[in-house]
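*Asks:* These protein sequence lines map, in sequence, to chains A, B and C. The end of the first sequence is residue 266 by this note's numbering, with every number in the run present. The end of the second sequence is residue 311 by this note's numbering, with every number in the run present. The end of the third sequence is residue 292 by this note's numbering, with every number in the run present.
The set of hints was computed from the structure by calculation and includes no laboratory data. Among these hints, one or two may not hold up.
Stated by the list, open to error - Subject to a maximum C-alpha distance of 30 Å in a straight line, what follows is the list of computed DSS-like cross-link-like pairs (lysine-lysine):
(1) C:K264 with C:K123
(2) B:K107 with C:K264
(3) A:K23 with B:K307
(4) C:K167 with C:K264
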Amino acid sequence: MSSLRAHDVSIAFGGIKALDGVGFDVMPGEVLAIIGPNGAGKTTLFNVVSGLYRPTGGHIELDGRGIEGLPPHRLAGMGLSRTFQNLQVFTEMTLIDNVLVGRHLRERHSFLGDLFRLPSVARENDTSRKRAGELIRRVGLEGRESAIAGTMPYGALRRLEIARALATEPQVLMLDEPAAGCNPFETRELAALIRSIADDGRAVVLVEHDMRLVMSISDRIVVLDRGRVIARGAPADIRSNATVVEAYLGRLGAEEAARA
Amino acid sequence: MPHRLSDRHLSVLALAGVVIALGWILPNAYFLRIATLVWIFALATLGLTVLIGQAGQVSLGQAGFLGVGAYAAAILPTRYGLPPLATPFVGAFVSGALAFLVGRPILRLKGHYLAIATLGLGFLISLVLTNEVGWTGGPDGMQVPRPVVFGVSLSQPSTWYWISAASLLIGAWLVLNLDGTTTGRAFRALRDSEVGASVMGIDVSRMKLRAFVLAAVYASVAGSLLGLSNGFVTPDQSSFLQSVELVTMSVLGGAHSVVGAILGSAMLVLLPQVLTVMQDYETLVLGAIVVVVMIFLPSGLVPALVDLTKRLTR
Amino acid sequence: MAELLQYIATGITIGSVYALVALGFTLIYNCSGIVNFAQGEFVMIGGMVTVALTAYGLPLEAAAVGAVGVSIVVGIAIYILAVAPAGRASPVTVIIITIGVSIFLRGAAQVLFGKQFHGVKPFLSEQPVMILGAAVQSQAFLVIGGTAAASLLFWILLERTLIGKALMATAANRLAAQLVGINLRRVMLIAFGGSAAIGAIAGILVTPITLTSYDVGTMLALKGFAAAMLGGMGSPLGAMAGGLLLGLAEALSAGYLSSAYKDAIAFLATFAVLLLAPNGLLGRRSVNRV
Ligand SMILES: Nc1ncnc2c1ncn2[C@@H]1O[C@H](COP(=O)(O)OP(=O)(O)OP(=O)(O)O)[C@@H](O)[C@H]1O
Ligand SMILES: [Mg+2]
């Protein structure tokens, strides 16, 4: 059974079609990569699926239930979480508190209970802290739990967002360029982390420009260009697909060659 | 984490120590009245500590709720025969309900738009209090009946000192409690990134509404205490300038911090008292002081002091 | 009919003042992102200084020029002494600084001019003009005409001069403007000075009708702020429209509904518009891009 399925999704900004009939699906335990040139609509697709934008057309299903138009916090409750290309970290909070926010729906939060600090609050806090500590270790940020997020480097914050998203215990995790700003060593660790998240039985949707990372851990790939799907298939097929090389990989290769 | 628990309780105990010591030391009724005012305004400001400092939502109409509380203390006993000591609770309920009703639409607005909307709300309340002369006595205000307990009328300054101090302690304890709970974290999360918070499952508009209602209840209780302890109320207590004063108290002390709320209130209550010797120059000097303090301590007194002690102890 | 016309005339007159205050807000807001709560004080200064200078025997024209000059100096001083030193402080902090400035100016005016109301004689004649049965003060035409002239001047300044281009570029993108060599400090000085001049002009023109006192600034700042929001923060055209609408709403509700609640109705109308159009009537739609 498919965890997340998008069918014929479209959205326009001021007449410009940023997404035009895009569809994909992803199963538990699978890594689906969505790639494409800058401005192809990858982030927009994430924004539509996660409830930040309302699509002008199409259908999105999570575990067989239609979710288009639901607000993000409802989707979080249904098991969908994500990270952001331009970080949405809680900059004035500590790393551990950032991850604890992800436990929001896992805690029985009653406003009055919190205000009067009923004994259950302390008990729940202990459980949550233990879980959050594990997640911080899992993304390799142990020892920095009480650092203020705003003072941490970019790469660390990307991993913090992953830990925070995992704290919601999602069925589907969507990662928007998690390797941006990482060095090769960090990228390798990240690859292992993403793979292990999928191996836990979660569905992972990955947007990334680092092709080595994409090719090494994805089960399937969807290629977007100017709001349309131009190819889909296994990594090997995509690598040799003429249209994709033309629209994206060729250009990317040339850029990397120029930079080297 | 046990040390976190004791942190909170230590703060409340330290505050209680200060309150009790002052209650003993202060020599006469004049000083007790001033201190009472400090505790009352600190209570109102604590609501803003949650709303502005933690949840990041500005309100320039907070005095409106102060006015609702104050007039609840005046109107309910004279018209409906309610015991005066019950009025802070009824007033708080009315303010909370009002905040709940208008909060949903208002809190959809952001930044400056939220500022103008809350400003307008406070302004409307103050207009009603000024214009409904038959109910409120109009611009001159009205008398607040003194509570009578066991045949004794509560009018001693020291009585009101202790009542307002106890209210402040309870208020501070509740706000400190929020720190490190699901609710407290959700407030701070939505201040830093609403999008991030909503993706974490936080119902952003609901959380904002809670902070708004809490702040309204705090202001309302403070208003009732103000009316009860003064023995009269005027519409000035709900004016725009009063709202500005409340926000200034919060930011001056340090918008995030409970101690900041108390220090900021103390400064703005004491300054005019000190400045009365300057007579005509009072307003001018008050304005200048606000500007200078905000320029040199933009995040308020308490964060500046914390920085200083960190630097000294390093 | 005559009654309606009367109210409309009043509404447009008072709305013109709101429009000018809102325009001043917009000028500073666009260049700096700062909401200047001291904006209403410029109106007070314009009126007060004119009153004082004519009392010293200066002719009205000279007094008016002097009032605009004083106001500009105050505006520039606000930037140099209070706003610039605050640097990158949070918006709430800056709002409180400008509120502090407005309290300071009110205090200064109280010391210099006392607490009583001041007025000047209408510039043209004391006789109202009769239009279709409505008596319109001659000064009202000056207010409306002056507002139109001031906003036209403002528009020409923005659209047709190099300084205006620099202002607009800064409003559109501050960082980019700095990168192409626009002197940010000079732009700010012009914005604060210009904004002060606009406020003072409103004050000079309207004082014969409404009188002035040390504390008129607060209410005007509130109304101007509401007008700017109503029109859409950041849009000069919106500021004008918002000001006029607010003035009309106020005058009509004072006439037909309740004079005690005219301010309430004006604010409620603003509320209602903001709820339907959260960015104001002519404001830029801002989508939160993530
Ligand atoms: N809120 C918005 N308003 C207007 N246009 C938008 C908005 N969001 C995205 N767009 C436009 O939609 C198109 C797709 O942008 P998107 O950010 O989804 O690209 P992307 O594939 O994520 O690119 P990149 O690899 O650079 O991150 C772009 O042309 C962009 O300008
Ligand atoms: Mg993107």
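*Asks:* Take the C-alpha atoms of B:K107 and C:K264, compute the straight-line distance between them, and say whether it is at most 30 Å.
*Replies:* holds, 26 Å
*Asks:* Verify the proposed pairing of C:K167 with C:K264, using a straight-line Cα cut of 30 Å.
*Replies:* violated, 39 Å
*Asks:* Are the Cα atoms of C:K264 and C:K123 separated by 30 Å or less?
*Replies:* holds, 27 Å
*Asks:* Need the status of pair A:K23, B:K307: alpha-carbon distance at most 30 Å?
*Replies:* Between A:K23 and B:K307 the Cα gap is close to 54 Å, so the pair fails against 30 Å, i.e. violated.
In summary, the numbered hints that this structure violates are 3, 4.
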